[in-house]
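J.: Chain by chain, the residues:
There are 2 protein chains.
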Amino acid sequence: MSTQNLTLLTDLYELTMMQGYFETQENETVVFDVFFRENPNKSGYSIMAGVEQVIDYIKNLHFSYEDVDYLRGLGIFSEDFLHYLSGFHFSGSIYAIPEGTVIFPKEPLVKVIAPIMEAQLVETAILNIINHQSLIATKTSRVVFAAQGDGIMEFGLRRAQGPDAGLYGARAAMIGGCVGTSNVLAGKLFDVPVMGTHAHSWIMSFKDEYTAFKEYAKLYPDACTLLVDTYDTLKSGVPNAIRVFREMREEGIISKHYGIRLDSGDLAYLSKQARRMLDEAGFTDAVIAASNDLDEMLIHDLKMQGAAITSWGVGTNLITSKDCPSFGGVYKLAAIQNAEGEFIPKIKISENTEKITNPGNKTIYRVYDKETGKIRADLICFADETYDTSKELLLFDPNATWKKTRLAGGTYTIREILKPIFIHGECIYTSPSVMEIAEYCRHEKETLWDETKRLFYPHRVYVDLSQKLYDTKAALLDDLSR
Amino acid sequence: MSTQNLTLLTDLYELTMMQGYFETQENETVVFDVFFRENPNKSGYSIMAGVEQVIDYIKNLHFSYEDVDYLRGLGIFSEDFLHYLSGFHFSGSIYAIPEGTVIFPKEPLVKVIAPIMEAQLVETAILNIINHQSLIATKTSRVVFAAQGDGIMEFGLRRAQGPDAGLYGARAAMIGGCVGTSNVLAGKLFDVPVMGTHAHSWIMSFKDEYTAFKEYAKLYPDACTLLVDTYDTLKSGVPNAIRVFREMREEGIISKHYGIRLDSGDLAYLSKQARRMLDEAGFTDAVIAASNDLDEMLIHDLKMQGAAITSWGVGTNLITSKDCPSFGGVYKLAAIQNAEGEFIPKIKISENTEKITNPGNKTIYRVYDKETGKIRADLICFADETYDTSKELLLFDPNATWKKTRLAGGTYTIREILKPIFIHGECIYTSPSVMEIAEYCRHEKETLWDETKRLFYPHRVYVDLSQKLYDTKAALLDDLSR
Numbered sequence: 003m004s005t006q007n008l009t010l011l012t013d014l015y016e017l018t019m020m021q022g023y024f025e026t027q028e029n030e031t032v033v034f035d036v037f038f039r040e041n042p043n044k045s046g047y048s049i050m051a052g053v054e055q056v057i058d059y060i061k062n063l064h065f066s067y068e069d070v071d072y073l074r075g076l077g078i079f080s081e082d083f084l085h086y087l088s089g090f091h092f093s094g095s096i097y098a099i100p101e102g103t104v105i106f107p108k109e110p111l112v113k114v115i116a117p118i119m120e121a122q123l124v125e126t127a128i129l130n131i132i133n134h135q136s137l138i139a140t141k142t143s144r145v146v147f148a149a150q151g152d153g154i155m156e157f158g159l160r161r162a163q164g165p166d167a168g169l170y171g172a173r174a175a176m177i178g179g180c181v182g183t184s185n186v187l188a189g190k191l192f193d194v195p196v197m198g199t200h201a202h203s204w205i206m207s208f209k210d211e212y213t214a215f216k217e218y219a220k221l222y223p224d225a226c227t228l229l230v231d232t233y234d235t236l237k238s239g240v241p242n243a244i245r246v247f248r249e250m251r252e253e254g255i256i257s258k259h260y261g262i263r264l265d266s267g268d269l270a271y272l273s274k275q276a277r278r279m280l281d282e283a284g285f286t287d288a289v290i291a292a293s294n295d296l297d298e299m300l301i302h303d304l305k306m307q308g309a310a311i312t313s314w315g316v317g318t319n320l321i322t323s324k325d326c327p328s329f330g331g332v333y334k335l336a337a338i339q340n341a342e343g344e345f346i347p348k349i350k351i352s353e354n355t356e357k358i359t360n361p362g363n364k365t366i367y368r369v370y371d372k373e374t375g376k377i378r379a380d381l382i383c384f385a386d387e388t389y390d391t392s393k394e395l396l397l398f399d400p401n402a403t404w405k406k407t408r409l410a411g412g413t414y415t416i417r418e419i420l421k422p423i424f425i426h427g428e429c430i431y432t433s434p435s436v437m438e439i440a441e442y443c444r445h446e447k448e449t450l451w452d453e454t455k456r457l458f459y460p461h462r463v464y465v466d467l468s469q470k471l472y473d474t475k476a477a478l479l480d481d482l483s484r
Numbered sequence: 003m004s005t006q007n008l009t010l011l012t013d014l015y016e017l018t019m020m021q022g023y024f025e026t027q028e029n030e031t032v033v034f035d036v037f038f039r040e041n042p043n044k045s046g047y048s049i050m051a052g053v054e055q056v057i058d059y060i061k062n063l064h065f066s067y068e069d070v071d072y073l074r075g076l077g078i079f080s081e082d083f084l085h086y087l088s089g090f091h092f093s094g095s096i097y098a099i100p101e102g103t104v105i106f107p108k109e110p111l112v113k114v115i116a117p118i119m120e121a122q123l124v125e126t127a128i129l130n131i132i133n134h135q136s137l138i139a140t141k142t143s144r145v146v147f148a149a150q151g152d153g154i155m156e157f158g159l160r161r162a163q164g165p166d167a168g169l170y171g172a173r174a175a176m177i178g179g180c181v182g183t184s185n186v187l188a189g190k191l192f193d194v195p196v197m198g199t200h201a202h203s204w205i206m207s208f209k210d211e212y213t214a215f216k217e218y219a220k221l222y223p224d225a226c227t228l229l230v231d232t233y234d235t236l237k238s239g240v241p242n243a244i245r246v247f248r249e250m251r252e253e254g255i256i257s258k259h260y261g262i263r264l265d266s267g268d269l270a271y272l273s274k275q276a277r278r279m280l281d282e283a284g285f286t287d288a289v290i291a292a293s294n295d296l297d298e299m300l301i302h303d304l305k306m307q308g309a310a311i312t313s314w315g316v317g318t319n320l321i322t323s324k325d326c327p328s329f330g331g332v333y334k335l336a337a338i339q340n341a342e343g344e345f346i347p348k349i350k351i352s353e354n355t356e357k358i359t360n361p362g363n364k365t366i367y368r369v370y371d372k373e374t375g376k377i378r379a380d381l382i383c384f385a386d387e388t389y390d391t392s393k394e395l396l397l398f399d400p401n402a403t404w405k406k407t408r409l410a411g412g413t414y415t416i417r418e419i420l421k422p423i424f425i426h427g428e429c430i431y432t433s434p435s436v437m438e439i440a441e442y443c444r445h446e447k448e449t450l451w452d453e454t455k456r457l458f459y460p461h462r463v464y465v466d467l468s469q470k471l472y473d474t475k476a477a478l479l480d481d482l483s484r
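The listed protein sequences correspond, in order, to chains D and V. Taking my numbering, the leading residue of the first sequence gets 3, the next gets one more, and so forth. Taking my numbering, the leading residue of the second sequence gets 3, the next gets one more, and so forth.
For the record, the hints were derived by calculation from the structure and aren't laboratory data. Note that the coordinates shown come from a computational prediction; the quantities given were computed from them, not determined experimentally. Take these hints with a grain of salt, some might be off.
Copies of the same chain look alike in the list, so a pair counts if it fits in one copy or across any two.
[Unchecked claim] Keeping only pairs whose Cα atoms sit at most 35 Å apart, straight-line, the calculated DSBU-like set for lysine-lysine is:
(1) K421 to K372
(2) K209 to K475
(3) K237 to K348
(4) K372 to K470
(5) K209 to K470
(6) K324 to K421
(7) K258 to K216
(8) K108 to K258
(9) K405 to K470
(10) K447 to K108
(11) K406 to K274
(12) K237 to K475
(13) K455 to K44
(14) K406 to K220
Make a model of the complete structure from these sequences and hints.
T.: This is the structure in structure tokens:
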């Protein structure tokens with residue numbers, strides 16, 4: 003994607019509004035926030051992802067001659083405005099929560115501070131990228147949790163929503179905790195492990211299953227996972243695999259990484275039977291891998307039933323986040339800078355209460371319990387507010403202000419999680435590698451209480467407002483409802 | 003996508019199997035079928051889409067120097083095989099059902115006849131492309147049906163699963179029946195109408211709602227849709243819109259295309275109230291558009307309740323096919339050519355009965371009722387079977403063979419729906435434009451009975467096997483279960 007020009011990957015209304023601002027306004031500097039309202043998949047948390055692709059997008063942002071020509075052809079843009087577009091570059095500042103960080107609803111994940119014409123244009127692509135990758139990273143994190151330490155392989159490319167969904171979905175899946183992906187292009191572009199063995203067609207292309215297994219084992223003795231369900235798993239597949247493993251053992255070519263893959267039937271029953279057969283034949287270290295419409299719920303359940311599976315290939319349900327295929331991030335105006343350089347908070351009210359925004363130029367402090375290192379709460383406040391951790395910190399639920407928690411000075415630590423990425427058009431951030439982000443993400447998840455990681459009805463993490471932000475919001479709401 | 007090299011957009015196992023075939027086999031010519039097992043979204047039919055992108059993919063298929071280098075670095079491929087890859091091009095034949103055609107489960111949507119190494123490689127990308135676009139075209143077709151003739155605008159880019167999902171999703175949505183998309187890049191690349199007006203941020207950036215509306219109306223008098231829910235739809239938004247429309251009327255600049263958009267609250271109630279207010283002010287031709295988490299079910303229900311909405315912007319639920327975000331197309335070996343050039347049928351059985359494949363080199367005839375032009379059934383048969391429509395045609399359900407229908411000679415017509423796209427590596431097919439495909443798709447849907455188009459529990463269309471194919475399949479199953 004880094005070399006693609008995604009400048010027109012935007013909604014038409016961004017451009018009609020841009021022209022509107024061009025004609026009517028002074029291109030004031032504004033603050034827009036990206037935030038989401040609910041964790042996907044009924045999760046207790048989400049995982050931030052996509053920042054590197056946002057950076058690529060912003061760096062490449064320009065209207066080519068063909069782009070301007072196309073827009074001219076629509077007959078709704080003036081030559082003055084088209085001229086402005088042809089010289090367009092992004093001159094604003096962008097703050098973002100680094101990839102792999104655990105995130106919660108209502109928090110500004112990305113903050114754009116830019117002249118309104120520029121800030122408006124980038125809305126759609128930023129949302130598209132962050133929504134997609136954060137969704138898949140979050141879904142993956144749930145699947146990985148369910149597997150209780152077993153490896154999860156990302157196998158979803160064929161069912162992903164187009165090439166990019168497969169490619170960047172694999173990237174996000176690695177951030178969320180997969181041990182590898184089947185996607186070769188993702189392996190090449192993101193330097194992540196690629197995995198896979200063979201399909202049913204391999205078996206069917208030989209005169210019989212034994213011959214297919216045998217030939218495969220000769221070729222790939224070091225990573226020999228045989229797919230055993232083409233004809234009959236327990237009557238044909240597993241016995242033929244055992245015959246081949248036995249011959250490999252006799253020839254002294256059996257490796258540390260060998261085993262079978264189940265891709266249909268009841269995985270709990272078949273895996274236990276197959277385990278027994280493999281063990282009886284002396285192949286106690288043969289791995290049993292499984293695939294076939296897996297997700298975190300089914301893996302959780304198979305684990306509960308003692309399925310003898312220790313490696314999981316997860317496709318469709320992970321790469322599309324099947325039970326919740328969109329992240330729901332939005333991009334809302336939060337402040338307008340006045341002539342004195344002050345950010346004047348703005349709010350959007352709505353018939354739907356949950357659509358009301360948090361006004362102002364904000365940041366987020368994450369509050370940790372000093373002893374355990376676990377998250378106590380996140381605190382959204384104005385960007386210029388500071389906290390002294392030697393003093394008591396009062397936290398309160400913005401939706402039920404009588405719910406108060408006082409943290410004594412010295413018992414907590416805080417960390418600002420929104421980081422500068424672009425300052426006045428210049429990128430000042432270097433993305434870590436995907437595997438580094440994945441490692442950071444593993445540490446991030448250790449800051450969550452187990453109750454928050456639970457798959458079903460997890461405990462929610464408190465996201466509070468500072469007193470000053472709460473008061474400002476209340477005053478604006480009062481004003482508007484007068 | 004046409005200029006992108008998607009050659010490595012494949013699962014690793016395609017390459018390990020390719021090397022396996024390279025080492026062990028004579029690269030026999032094989033037949034692979036793409037088919038799906040169930041219509042998505044509980045639909046009675048699906049819509050074929052993505053063929054043009056498959057063509058682009060096949061035409062661009064080659065391993066670059068960097069690709070080969072990356073594969074070498076994995077340490078599992080021989081220099082001989084890598085040398086073969088560096089000279090790789092696709093030399094096979096591909097047949098496909100044209101885009102916009104209504105399709106049904108079990109039918110070969112795409113048939114690849116090629117040396118097994120080539121046929122295996124292309125599996126993943128073909129599935130990725132066809133699965134994605136057919137999914138979104140099908141979902142869109144349902145939404146369009148629910149709207150009973152009102153226009154559906156595709157507004158989903160920000161929630162699509164990555165840039166391609168937005169871009170090709172918009173393409174598929176136009177094929178499925180949308181009147182336009184907000185996606186400017188899709189407009190440019192596919193020459194389809196782009197639509198959109200303004201967001202809440204436009205309203206919030208002016209000193210008040212009236213001023214924001216007024217400025218917008220000055221700029222875009224010819225397509226003036228005002229978003230009325232930023233502060234209070236009925237108390238502020240609609241009255242301010244009416245004030246502006248009144249002023250436009252006085253100045254003589256009111257156009258044919260003007261109106262309001264609702265984006266929150268109860269759309270049935272608000273639209274009826276807004277309609278009354280607009281009508282009382284004499285703006286009976288003002289359009290009421292709506293958006294906000296719409297799908298076919300909600301549009302159907304709002305229509306039932308008499309919502310005064312005649313234009314619908316559909317985003318997340320359409321672009322992700324939220325209730326069923328994957329199409330489930332698979333790619334299965336169906337035949338292997340022997341030395342005499344004969345295609346020997348192959349079958350895959352499975353613990354899951356519905357995963358059993360249809361063997362052989364096949365085609366599909368669509369059988370129409372001569373009088374009404376409606377589809378009677380689809381008939382999957384061997385590619386060399388022919389039918390004489392002056393004679394009686396016996397159709398039978400392959401899962402319940404006693405269910406028989408006899409069509410008298412002269413009462414039906416038939417049409418082969420699988421068309422040649424590539425022959426021996428050469429593309430012989432020219433894709434129509436997206437708008438031409440959309441028009442064709444509209445006609446295709448007229449060949450469906452209303453019972454099949456119904457949103458809930460639709461009547462299914464029969465997909466039968468020819469006697470010869472049925473007998474061959476039964477014999478192969480008998481053989482394998484002996």
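J.: Against this structure, judge whether each hint is valid.
T.: Structure-based check of all given hints:
{"no.": "1", "hint": "K421 to K372", "result": "within (22 Å within a copy, 68 Å between copies)"}
{"no.": "2", "hint": "K209 to K475", "result": "between (73 Å within a copy, 18 Å between copies)"}
{"no.": "3", "hint": "K237 to K348", "result": "between (69 Å within a copy, 20 Å between copies)"}
{"no.": "4", "hint": "K372 to K470", "result": "within (25 Å within a copy, 75 Å between copies)"}
{"no.": "5", "hint": "K209 to K470", "result": "between (75 Å within a copy, 24 Å between copies)"}
{"no.": "6", "hint": "K324 to K421", "result": "both (31 Å within a copy, 33 Å between copies)"}
{"no.": "7", "hint": "K258 to K216", "result": "within (17 Å within a copy, 73 Å between copies)"}
{"no.": "8", "hint": "K108 to K258", "result": "neither (47 Å within a copy, 41 Å between copies)"}
{"no.": "9", "hint": "K405 to K470", "result": "within (17 Å within a copy, 74 Å between copies)"}
{"no.": "10", "hint": "K447 to K108", "result": "within (19 Å within a copy, 43 Å between copies)"}
{"no.": "11", "hint": "K406 to K274", "result": "neither (51 Å within a copy, 44 Å between copies)"}
{"no.": "12", "hint": "K237 to K475", "result": "between (68 Å within a copy, 22 Å between copies)"}
{"no.": "13", "hint": "K455 to K44", "result": "both (11 Å within a copy, 33 Å between copies)"}
{"no.": "14", "hint": "K406 to K220", "result": "neither (66 Å within a copy, 50 Å between copies)"}
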